[in-house]
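Following the hints, position chain B against chain A.
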Amino acid sequence: MPKIEVDSRAFFEFVGRRLEGDQFEQILTVAKAELDSSEDPVLKIELNDTNRPDLWSTAGLARQLRIYLTGAIPKYRFFSTPEERLDFSGRTIEVDPNLREIRPYIAGFAVAGKSLDEAELKDLIQTQEKLCWNYGRKRQSIAMGVYRHESMKYPVHYRAAHPDNTNFVPLGMDRPLSLRKILSEHPKGRDFGWIVEGFDAFPFLTDDTGDVLSFPPVINSAKLGAVEVGDTDLFIELTGTDIDSLLTATSIVACDLADSGFTILPVATRYSYDTKYGREIIAPFYFQRPISVDVDYGSRLLGLEFTTEEAVAAVAKMGCRAKAEGKKISVTVPEYRNDFLHAVDVVEDMMMGRGLGAFEPIQPGDFTVGRLTEIEVLARRVKNTMVGLGYQEMIFNYLGSRKDYVERMRTSGEELVRIANPMSENYEYVRSSIIPELLGAEAVSANAAYPHSIFEVGKVSRLDPGDTNGTVTRDYLGFLHSDRSADFNSVRSHVAVLFYYLSIEHMMRESEDPRFITGRCAEVFVANERVGVVGEVHPQVLENWGIQMPCSVCELDLTIFL
Amino acid sequence: MNVDIGAEVKHLHPLEIRVLRWAAGAADNSKREVELRTEILISSLAFNVGQCNQVFSWLTAKGLVEEKERMQRTFYELTERGREFQEVGTPYERLAKTVRERGPLALTEIAAELELDNKDIGSAFGLMSKEGVVAMDGEKRVTLKLPDLSPHIRTIRALLDRAAQQGAIEESSLTASELEILQSVSKKRGAGSAPFRVAEREEVAYRMTAEGLELARRVEEQGLTGEEIGALTPAMLASGEWKGKAFRRYNIQTPPARLIIGRRNPYAEYLQWVKDKLVSLGFEEFDGPLVETEFWNGDALFMPQFHSARDIHDVYYVAAPERATEIEQPWLDRVAEAHENGGDTGSRGWGYSFDRDFTRKLILRSQGTVLSAKQLPKAKIPGKYFGIVRCFRYDQVDATHGADFYQTEGIVLGEDVNLRTLLGLLKMFAEEVAGATEVKYVPGYFPFTEPSIEVHIKHPDLGWFELGGSGIFRPEVTRPLGIEVPVLAWGLGIDRMALLHLGLSDLRELFTGNIENVRQRKRK
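Heads up: the protein sequence lines correspond to chains A and B, in order. Numbering of the first sequence is given in our numbering, commencing with residue 1 and proceeding in unit increments. Numbering of the second sequence is given in our numbering, commencing with residue 1 and proceeding in unit increments.
If we strip away everything but chain A, and leave its shape as in the complex, we get:
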């Protein structure tokens, strides 16, 4: 979840009033935001809604709070729509047809009329980072560049360039590098090169004179792409793979800059291929359709009667213009939002606009019968018997290493479920047996007074080609007895007690198992089905674990007893 830093002076200026303490924290919940820390003049704020990237900037978060507090919904007049095209005064971006399969979409606009101050520049950089990282999936679906506008010549060209024959001086360096070299030699190339490295041509952005703007989504040029405090005319572009989120992100940045006092100058993008909004799109572009919501549906879901007027008033506090249409309301989605997938998303804004405090908790009324799973009931019986036998219950982690599960145990490990992307080799496998965990506990417990009697009831998982998921999960009981006289017979009698009280007949068949001493190991059978193993642990296994006390163990598959 994104966390942003805002300058409190600028922030409360946007909000229109200063807010403090509980009142501030309370109002932040309207934006699902939490004050993380505040160190004057910087406020650190965490935003929990990953579908509301419009809240991830000083101006955007302040806008939501301002609307909620004043009820005044801003009107932005620089949006083109499918029906209404604004004048773009010859500012165009021409798109190379070869980009269609590489990085097909670009949108841009220019700003003028004011000089960029330090707080605004910092905020613009932060917006770019949060939008592109969290909303743009680490620049994969959205990347953004900001440039000095005054020396640029239109049309801007968005091209598919040859990685080796195209050179420019990237921001942060002082000599030209080929696009391919940037991937290996520039820090941003190493961070974001993976997005384009599989293609034969790379996205490349220049103005009409050939001056380089950037190599999207990797790095700006040193010449046009270095923006500083005091700049007054800026060009902003975003490239990406998903046109709706790209246009939404573009709108967010435009609204933020408009709130800061900049004039927004539209720019047209011309494609040589079709997009869902045609071959020429003038940005900022508003593509949302009104959503119609049955107010009764909202009332039922929220458990509180809303009139259409009340519903309209509630969503207005969240920035949505709405009008009543019979028992429904028709909601106009704000320019900077794209989080209305379903009527239920409007219902949430009805809740937020009304305020959660208006909803009195009530007890769920339906009668239902509570019940434990069968395995839980069985596990409790088994645990009681184990406690009666003097065993201490343990709880172990389910992940472990090849060393513990295979090498120390002298097993093949062929049934183990291995993790493809382990965080460390200590947690690379899902356990298929509790025995290694029991021996692991014994290995760190030589200081505890003997005898040691420990057990666990828990899950194990193993490969099983017969299952659609290729694996099965079982509920196992494992127990270990460790003492000078902890031989096969000591544990064998505990097994007998357990089966007696489970009222199940069992049988032992001698078996060969490298984990155990030959002749002191048996498989346990119930009605000809193998349910487990009991044995005196082989001294080589004990040595592998660094254990200096005889151990006998048993492991039973409880799933079979259900």
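Please note that a few of the clues may not be correct.
Unchecked claim - Below are the EDC-like pairs computed for lysine to aspartate or glutamate, each with C-alpha atoms no more than 20 Å apart in a straight line:
1. B:Lys97 / B:Glu87
2. B:Lys458 / B:Glu432
3. A:Lys114 / A:Asp22
4. B:Lys440 / A:Glu46
5. B:Lys378 / A:Asp22
6. A:Lys459 / B:Asp148
7. A:Lys130 / A:Asp259
8. B:Lys440 / A:Glu25
9. B:Lys277 / A:Asp22
10. B:Lys458 / A:Glu34
11. B:Lys380 / A:Asp366
12. B:Lys427 / A:Glu376
13. B:Lys97 / B:Asp148
14. A:Lys3 / B:Asp314
15. B:Lys458 / A:Asp404
16. A:Lys276 / B:Glu340
17. A:Lys459 / B:Glu269
18. B:Lys458 / A:Asp22
19. A:Lys3 / B:Glu466
20. B:Lys427 / A:Asp366
21. B:Lys277 / A:Glu376
22. B:Lys378 / A:Asp366
Note that these hints are calculated values from the structure, not bench results. Only a predicted model underlies this, so the values are computations on that prediction, with no experimental measurement involved.
This is chain B only, laid out in the frame that chain A set:
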């Protein structure tokens, strides 16, 4: 030394009582300082050396006697051979007994009969014939000459018995003739064949302290004898021997011995308590496998396949097989449609092309909500379900993150459930499960619920914290899985309370293999 006479008198050992009683008598008789030595206790109270050592150490520790002086003493102790002589008889006694019972026998026959060396029988015969007890007849057979053993031999027997009973014989307690005989059967440094060894030891003389004498007086006053019954035995009960006797008082304040018992793990008990609580609120438990598919873990919950929480760095993938062979229909088609264009859910969907290969990818379940989703197609209406299940996250293991951990999750289905019943449910959890004194609701965000609510509670010990997340499942989650009614979904973070219950601060401790730590752990 400060002695609480009243308390001490109750906790005296029988040996102490006997010494104190003797000391009280001695004090009355002599009106002088009462001296105590090992030898005195042996002769007056029939103690053995071990008992003397014990009683002196107890009495000194309690300040009832104090050391007066130390002196060198010579003791005669039994050797291994001496103990054997004392128990089965000296060669003299055994030789005489054999001849008395069997009539005249040759020395070799006697040696064979008694399983003794010829040499030993020979030397016994030598002494006995010198004493006139036995003689050799014409056929070289041993015959008895006297009805009894000689005084010399009888003295050896007496000394053996005395040494066995007292533990050692102090030299000054011997008469001259006894000493002479004893020296003849002793070897310094306890040579193997001699029944006695000589030991030089330091002996301590003690005197009664004022407190000791006072306590001795009380012992007499209260009529304690040291003959009180210690352990009550089945034999005493059978014979009635206990009747009319007093029982020795035990020191109730003695620290009890540590016992190691079989017991439940307190973390498991806590989880069990939460389960029972939820069952009592009408919830039915669900459970499922550790290995799941992307389909159930994310897609069925309407999390778009490009969602940031579904990156390779957030879930664990199974290495082989990489994918499930199939995903159950019709759920696959319906969920895919919901993602692509909303299907019949009333949603516009996420508007991307659903990846049917990715959805089969096998993972370790990363959230308990998987089981809530899987429960939907088979759920009863109305219905309440929960699970406390192990989940796996791609996280660096530290005090607040485990490689695997328990999540507590559930759902409530019903025609009439709504936001307000969700708040009521959360309030019930806050009060019943978490013992909260105050509850606060905050709008939250979860990809699969709308609206979403976080519940924060004020706990008597932990203060304000987030107890859990919840919401009403999005129609894009429920309708593809065949559910037309609203479904409340909730999850509770109970680990903080579990840690509090156990007095711990590190989640890793909950899963420790350290047996001693687990043995000592208990609920606060």
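Now for the hints, and whether the structure bears them out:
1. Restraint check for Lys97 of chain B and Glu87 of chain B: satisfied, since their Cα atoms lie roughly 15 Å apart, inside the 20 Å limit.
2. Under the criterion of a C-alpha separation no larger than 20 Å, the hint pairing Lys458 of chain B with Glu432 of chain B is consistent with the structure, at around 13 Å.
3. Taken as a hint, the Lys114 of chain A and Asp22 of chain A pair is broken in the structure, with Cα atoms around 36 Å apart against an allowance of 20 Å.
4. The straight-line distance between the Cα atoms of Lys440 of chain B and Glu46 of chain A is roughly 19 Å, inside the 20 Å bound, and the hint therefore holds.
5. Of the supplied pair hints, the one linking Lys378 of chain B and Asp22 of chain A is violated, its CA atoms being roughly 45 Å apart against a limit of 20 Å.
6. Taken as a hint, the Lys459 of chain A and Asp148 of chain B pair is broken in the structure, with Cα atoms around 83 Å apart against an allowance of 20 Å.
7. Restraint check for Lys130 of chain A and Asp259 of chain A: the C-alpha separation of about 19 Å stays at or below 20 Å, so the hint holds.
8. Under the criterion of a C-alpha separation no larger than 20 Å, the hint pairing Lys440 of chain B with Glu25 of chain A is consistent with the structure, at around 13 Å.
9. A threshold of 20 Å between alpha carbons decides the hint, and for Lys277 of chain B with Asp22 of chain A the separation of about 34 Å lies outside it, so the pair is violated.
10. Taken as a hint, the Lys458 of chain B and Glu34 of chain A pair is honoured in the structure, with Cα atoms around 18 Å apart against an allowance of 20 Å.
11. Restraint check for Lys380 of chain B and Asp366 of chain A: the C-alpha separation of about 12 Å stays at or below 20 Å, so the hint holds.
12. Among the hinted pairs, Lys427 of chain B with Glu376 of chain A is inconsistent with the structure: their alpha-carbon atoms are about 27 Å apart, more than 20 Å.
13. This hinted pair checks out: Lys97 of chain B and Asp148 of chain B have alpha carbons roughly 10 Å apart, not beyond 20 Å.
14. The hinted pair formed by Lys3 of chain A and Asp314 of chain B meets the criterion: a straight-line CA distance of about 19 Å does not exceed 20 Å.
15. For the hint pairing Lys458 of chain B with Asp404 of chain A, the CA-to-CA distance comes to about 43 Å; that exceeds 20 Å, so the pair is violated.
16. For the proposed pair Lys276 of chain A and Glu340 of chain B, the alpha carbon gap of about 15 Å is at most 20 Å, so the pair holds.
17. Simply put, Lys459 of chain A and Glu269 of chain B have alpha-carbon atoms about 17 Å apart, close enough for the 20 Å limit, and the pair holds.
18. The straight-line distance between the Cα atoms of Lys458 of chain B and Asp22 of chain A is roughly 16 Å, inside the 20 Å bound, and the hint therefore holds.
19. For the hint linking Lys3 of chain A to Glu466 of chain B, the alpha-carbon distance of about 18 Å falls within 20 Å, and the restraint holds.
20. Simply put, Lys427 of chain B and Asp366 of chain A have alpha-carbon atoms about 16 Å apart, close enough for the 20 Å limit, and the pair holds.
21. Proximity of Lys277 of chain B to Glu376 of chain A is assessed by CA-CA distance (about 14 Å); at most 20 Å being required, the pair is judged to hold.
22. Annotation: proposed proximity of Lys378 of chain B to Asp366 of chain A holds, straight-line Cα distance about 18 Å (limit 20 Å).
Hint compliance for this structure: hints 3, 5, 6, 9, 12 and 15 are not met, and every other hint is.
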